[in-house]
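Here the protein sequences come in this chain order: A and B.
What the first sequence shows, in my numbering, is residues 1 to 806, in sequence order.
What the second sequence shows, in my numbering, is residues 1 to 458, in sequence order.
Just so you know, the hints here were simulated from the structure itself, not pulled from any lab data.
Nothing here was measured: the structure is a model prediction, and the numbers come from that model.
A couple of the hints might just be wrong.
[Said to hold, decoys possible] Distance condition first, Cα-Cα at most 25 Å in a straight line; then the derived BS3-like pairs of lysine-lysine:
1. B:K188 / A:K648
2. A:K767 / B:K236
3. A:K401 / B:K322
Spelled out, the chains give:
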Amino acid sequence: MRNFLLALALALPLFAADSLKILPPAATLSGPEARHQFLAEASVSGHEEDWTRHAKWSSSSPAVAAVDQTGEVRPLTDGVAKITAEANGQTGSAEITVKAAAEPFQWNFRNHVIPVLTKAGCNQGACHGALAGKNGFKLTLRGYDPEVDYDTLTRQSVGRRVSLLQPSHSLMLLKPTMAVPHGGGKRFDPNSLEYRVISEWIAAGAPAPADSDSTVTGLEVYPASATLKPSAEQQLVVRARYSTGEVKDVTRWVKFSSSDEGVASVDDMGHVKMNGFGEAAITLYYSSRVLYSRLSVPNAAPVDPAVYTTFQRNNYVDDLVVAKWRKLGFAPSSPASDSTFLRRVYLDSMGVLPTAEEVETFLSSKDPAKRTKAIESLFSREEFVDYWAYKYSDLLLVSSKKLRSNAMWAFYNWIRDSVKQNKPWDQFAREIFTGSGDTLQNGALNYFVLHKDPIDLTENVTLAFMGQRLTCARCHNHPLEKWTQKQYYQMANMFSRVGLKNGSEPGDTVVFAKASGDINHPRLLKPLAPTPLDGTSMSLDSTEDRRLPFAAWLTSPKNDMFARAIVNRIWGNFFGRGIVDAVDDLRATNPASNEELLAALTKDFVAHGFDTQYLMRVIMNSSTYQLSSEANATNQNDNRYFSKYIVKRLPAEVLLDAMSQVTGVPTAFANYPKGFRAMQLPDVQVKSDFLAAFGRPPRVLCDAAERSVEPSIAQALHVINGDTLNKKLSAPEGFTALALKLGLSNARLLETLYLSAYSRYPSDAEKSAVLGALNAVTPSTNTTRQKQVEDMMWALLTSKEFMFNY
Amino acid sequence: MIRLDADKPAEFCDGLRRRDFLHAGSLAGLGFGLTDLFGLRALGAAPAEKKDKNCIFLFLVGGPSQLDTWDMKPNAPIEIRGPYNPIKTNVPGIEISENFPRMARHADKYTLIRGMNHTAAAVHDTGHQMMQTGRLFTGGVEFPHIGCVLSKLKGPKGDVPAHVLMPHPIGNTGGNMPHGQNAGFLGKTFDPFVLNADPSDPNFRVPDMLPPDYLSALRVDRRKNWREMVDRTVSKFETSQDARLMDSTFHQAYTLMSSQKARDAFDLSKEPQKVREKYGLNRFGQSCLLARRMIEAGVRFVTVNMFETVFDEITWDIHGSKPFSPISCYRDLVGPMYDMAYSALLEDLSSRGLLADTLIVSTGEFGRTPKVNPAGGRDHWPQCWTMMMAGGGVKGGEVYGSSDEIGAAPRDNPSNPAQVAATIYQALGIPLELELPGSQGRPIPLVERGTEPLKIFS
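Looking at chain B on its own, in the form it has when it is part of the complex (with noise of 0.2 Å):
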């Protein structure tokens, strides 16, 4: 909980009261305005949209089995079905695992992308970069994550940040790649701003956010007046990229601090309880429920990682073995809790009528062995899984593409990790010829020219 100290006004010795540092007009109204900051300015004029569309994205760290959960064999032999059993949902025809009781009333809302694949190494961390940029990292070149290019077009909506990843990077997932979820080669002044906190905690609060007693607003002002005129008389630091984003760090956090809107957007002691508990008391159903508290204060991308490593946690990659996950997690925890934050999201943002403009975009960075290995899990395998879309115009209640008969290869309408950032991008309103300032100023294609994307809209 923000400590919105406004119930507690204290008397300062410069006569100013603590709530005051609320309410004072000289830090408000700074914007987040980085990209007028530094002249650097959208590339190429995206249409005006009518209303603008936000987008939720859901990494399932550790990439669920696509046959334990949306993409069901019962007919296949027990070692290729596996443990589950689908059931029916509101939609005649499909069939999800017994594991979403909950999604399972839902699937009006989305659509479920049945012949995802990846050619890369199978190795979390390919397909990290892959979901979520639409490309493999190669010479020498770190791609954008798709939150990070919309903040570099369409800059920030009034005091909150355009992209906000909670409730933590992803670490280590052994490959020891970078994992796509920074600005890359548009330089880190589009690097989303990362919670790095855990909305479940009791005490959760973003760290930091506001004054501490003892200092009043007219000294936090004054501060910060004098640190920009000591900074003023020295040259030295103009060519240097991490001078000029501590300068833009220091920027942001005060359009922060100065924000009761921003403030009360990170507070989800303002939730009723049964809300709360609707999405899950545990660190994913918070961070989902923070999620819409930020596209409902104009945040435009929300990034949440599920999981942050896939090592000595319970998550979705399922080995069968220490130090990851056994199989019976997606009966017993992990899905449960995906199956309740999920259907909250959804049932909440369309209650209040946000899902239309809301793309909510969930999938692991690849699927699993057909076969269940010695050890009862199944391994990596990103020939083929299956990922959900819903909201942002996404028709619903469908089923795009189809696997064969053990999961183990797209059948009908194989979609590859490049469509479906193509598919995100023209759900945002963002042309796909768009081209992006690469290093040295060299144009790179927002996707690569001819990449289809996948026809999921009604």
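This is chain A alone, in the form it adopts within the complex (with noise of 0.2 Å):
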């Protein structure tokens, strides 16, 4: 008998709950044809079950509204019914109000027939709904355009695809059942719900959109997320939100997709498989309105709850940073050493390596704030300032492929002084948009003479400086994404009076308002009012200058796109790679790896006046910034939680100077000064080979993966056989030639070396490995001890140490 209860135990969903609950706890149910499904997820020791397939279901009032057992509810009359599930003896339950049960129902076109459409396809980009529809027949990209698509489907083709005589005559049904032949095969059953909407949508007299109609304000999903066991299954609701407060359950016409088909995959009504470890956003699409859920399967390996405790925390960063790592399981990586630390805020802040003298200070200090020290010593350095300088050139594609030589200039000392000033970056950015006059004296109006056509101004201000994409707005509503073609061109009207003239001297232009011109709307065929993206419409008759309105718009607080985006881009900047990733993919449909820490920055950086150097130190001070790159046992599939410190090549630029750094030796660049560093360069057109095998950025696009940092076979030639580094090591005014005049021993090269390449002192292993292989010859000559530490000095440059960020 106790065995046979043991057994019976064990049969039972793992562990008993800690609590059974209701997903959505509460719903209304409005009219006869509504329909809602509810979940019966279960909390158990620190994970979530969904239990909905084999709970039991009931209602306390079947009468008023009933409960199939997959837990999908029916209104039957108006009143309030409780409905509760039961599974391992454990229970909870939703409340439920009925209304209008009895009273005559319509289906709408713009919120049941459209719908139908979209979930069935009909209206995708591969069949009727693209550009150039499908034998004849086109609608909008998934719907976007209700009142195009009943003119459509009722006034083309005669009365064919909608027959208000025989209903089921209507092309309309004949063509997805098959019933006729149809190109895209068949998309519903006649027993289907989808068949019977449309079929009864004709037979009450295919009633047009109206303006009255409830339109869609938002979406909720749960669970909005979840932390599953391996392989788990999970259902997911989907509601809309409606402008007339009704909320329904939208589920069955949801389009969904993973993020991450490796660690979750999902079919077409929501139900998702956990595939693999980690987290994966499962993204909804609804009527142009998208959302996502975040279902994760922690490591299996159990991680020590002390790592989590006694972890040093320095900020709220790190309070963010180890509520997930606690979630999925990672313990992090130990702190960096000393040397680590300082050659990466020095690399990772302004793009130079620590000098072996400034090494040796640091590392002997005993000063236990010694670190916090360093960091805040960054901000007032001129190489700070020209890395910076250089990350916005990228930004704002400064170069000199459009802009002769002066106004090139003019625009990167306007974002050098910038940098230099610490200028909050709401008053960078005010202060391109709301500027007017000669582009010579103010150097930030060349981004109008760099982006001439409204259209490229409309794409590139919003993915620089919002992180957000629009250009597939342009033709049609985005299908993954929430911007419409509407508000696409009320966003690039904004931009239809930026007027450009020449100025008094070649590449000077003379930027100013005028008084006239709009963009037409490609469909519509006229102007639309100018509205900044979600912001508020101006008059298309007010003579202001429209820039002026976008600008107070973009740098509000308010406006969370435009935080957020330098936020994740400086976060990037230091950690290999965004909060969310791409660094500049903002999409609602892209979810940040953690979101927390990223709304908590974002708020932190405005309530800090938009202060690009506060950013800086809070994440730099931070513990998780501080962690080593190597990895534990539980982190090292981690590329996405900064558990561990990621390696990163140094970028083209920065690996240049390293190597003259190190080597003594400056590298000459056409036109500029003497030892001028690829970091100080405003310029991409400037002719290197090397920094055009190691991926310096066009800056022809707005697009962060213009920059490379991907190892390459030309690279590896490069630095065999090209002259950049070789002829840094032969130089007779250069490191090699120098120790050689003050007759260094091999002991003391080494440590030099190591210091200034590494910034740390050389290992014992390492001592007896590289100097066992410097004394096991002695140079006959200077020319060979001149040969043999140029040799040495390339194995310790094309070393991974070196070529790395660690």
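Please assemble the complex out of the two chains, which come individually in their own frames, going by the hints.
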């Protein structure tokens, strides 16, 4: 008997639940056709389980609302009922209000017919949603324009698509059920709800969409996030909120997709299957609205909770990162050594290596606050200014490709001055968009010389300053994004009155606000009221410089996208990966790996007056940033949650400058003064085989992916055989020659090189190996000694420890 | 031209002559065995072929118009049929555009696939992805180029890379999406070797392929050994994929440098001027010639991008307005360029007995609108286009599939990118039921189950 009970207990799903909840906790079903799926979601020792499919479902008032054994509720008469699910000895319940159950009901074109066509795929890009339609029948992509679709269905093709006299003879029903041949195959069955919606809508006289129709204002999803067991399955429920205040279950009509199929996959009905470890976002698309649910499966190996409680927390970054590690089962790597820390902050914040002297001073200091002090000292360095001026020049596409040299310098100098003054980021943006006049006087205005076309401006401004990709919406509502074509052209019209005329000398341009000029919406063939994306419209008749309200909206603390975008870029600079990846893709459908962290940093950044240096200080002082890059057993595969520092190859310009620094031989750039570092160049048109091979961005597209840091054979060939490094090693004014002149011993040579290249002393193992190699041959002449030193330096400067920041 | 400095021996302080480097045994024999390097062994045992099949993939970037090239509609109204006339080929019943007179003499060697179509958005990038990987990228998954799959499954032959891409990767074509030209989820180790140089340049050479005059072989070797010694003392890079990739790039660089055969393969100056002229003295022509040399040297897959972008360059992308190309370029520039290079390649491979084992695929990313637009050009049209396959067991002298009377949609045997990928894999002797390792080891089928290869083999 005991054994039997034990066996029974084991057969029950895992452990007893801490609690069983019904999701969503309450619902109102309005009208006879309303349906609502509920979930039985259990919390079991720190994770969630979906018990919906094996729970026993019941209704307290079966006359008011009925529930079937899949958890779907159907209204019967007006009133209130309690729906209960019972499983494994636990119960949970939800309250249902039924309204208008007996009232006449009519399917609505906008809110029912279009969702059917969208879910069945009729209006997708591959079918009738194509720009050119299919077989003479064209719908708007995913139904973004119901009025046009209504016209196409009811007016064109003389009543064949919709037959009011004989609804079942409508092509709209015959084609998708394959009653007549259909190139797109069978989309639904005559017995389906899809069929019933369309046929009953036609039978009711095919009523047109009306301005009074309710519209979708937002989505909600259950569960919004969950931690699941390996291979678990989870049903999602999606509800739409309407302008009327109603909230309805629309799960059946939602389009689902997964951000990472390796972690989770989802079927058409919102049923998710976990395939691996980690976190995936399940993206939901309904009626031009998007949302996601975050589902995760923690690492299998348990982590001692003491790891989290004893972790040194320097600021809120650490708190929020630890919360994520705890959830996903990562233990952080150990703290980075002082050497690694110093090399890292120098490279990440100003793109130079610490000198041997700086390293020795730092390592020998006993000051417990020496890391914070070292960070503080960075901000006043000229190299810091150069580095960030270069980064922002990447962002704003500074280059002599389209600008004359004088204009390029004016633009660059304005950027560099801004960095030097630590100009708040909102002011930086405002100065670009509110200025008028001479581009040589006010360098920021060259942004308009680089982007003469309002379409270019619209797309690049939104990408550079908000991480939003608008390009798809130029031709249609973005299929997996919230921006509509209408919003696109409203936004573009903000830039339709930017005037440019020749200034007093070549390269000089005068930027001014024109009194007239509009951009037409390509389908409506008329201009729309200028509106900055989700901001307030201005009148078409207004004579105000349209850029001014745009700048005000863009830089307003209420415009979350603006601050988030730069916060994510700056985080990405230090960690090699944004909290949102790619660093410039902040679409609603591309979630952050740690939303709480990004939200907190953004809020803090805005609260501190858009101060980028403040933000960098928070980041660099966190324990998270100061972790080692060496993985432990739990975080080998973590490349998203910052439980270790991600090893990254030095950017092209930084690597070149580092080689110059250690060899003591600057790189010569044509037409620039001797000693100019690559990071000081205002231009990417300066010829350099090295920079080209190592992935310098061409600054043609506003796209973070323009810069490449991936190793390639061409790079290896260039450092082995190319002139850049080889000539630095053999230069008579360089370190090699100096070392010879000073007659440095092998031991002293090695120590100096390790300090200047790796910011550390050589280990005993290294001393024995590397010194051993050097001592093995005693050079007979100065020339052979010189070559020996060159070759050892070459080995050090092409090693991974030199080429990477770790 | 590669600096084959064996011609001008120079003395070095260490007593070695520079030419010795070329014969120094110390670096030779590294092999290109990256698969072995990381213990990444090929999945599943592809059946041992008697003779390896190779592939040259000519990507006609921009998307040729079916109606002005290889699927003429002479009886359609003028706004459909466009400005060009059909001509007869050496196969009775097959006609192509007058812009391709040389191709017309080789119609017995290729098969025209006239029912090509895809259903993704009509932008260049989607077609690039689908034609080279068989799939549209969704769900965060980047699929591998067919040549990268081959590289993973079979590894390199000798000292040359398994997959070479030339002259440059496809750049910006407007969609901001990946172009399907790398190894995707297989990992960067299997990315193609990218030439990044223009073979028609008089000074063409693989950049930095040989040490400079002032570096002796002994020193190159000493540096290599010392670098490895320095690296061995630190372990912190073991879990970084990029760091391992850097090791492999150095390994590959040394292999290329030390192989006479590899250097010769890249040396176009070894070709008679007459042969070079036959291919056309332009970037695409010389790339096709170099592709032939690659195949002869043991490269398994060569991807040739006819153009790098569609902006401000004359390409197949004939919208008729700036910054795109005019329809007349098919007669004046792009057509003749393709006609010469493609015909020379067919002729050359055939006369060298290589055609039977080398599949030549040429396709754009989509077709063009049947109706000529107000600018006199044609816009994007993925619903229907024509591509070509030749060699590698393809029957040739055939038309597979057809389009309707205005070239707007396939009529018989519609063919899609997934089927083309399956057809290429079949020609290369790779079993279609194979699975590739995706992220976290999730198996990803080579091609979606049930994808039918085209029936174009003899």
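Status of the hints after comparison with the structure:
Restraint check: the Cα-Cα separation between K188 (chain B) and K648 (chain A) comes to about 15 Å, which is no more than 25 Å; the hinted pair holds. A threshold of 25 Å between alpha carbons decides the hint, and for K767 (chain A) with K236 (chain B) the separation of about 18 Å falls inside it, so the pair holds. For the proposed pair K401 (chain A) and K322 (chain B), the alpha carbon gap of about 19 Å is at most 25 Å, so the pair holds.
The structure shown violates none of the earlier numbered hints.
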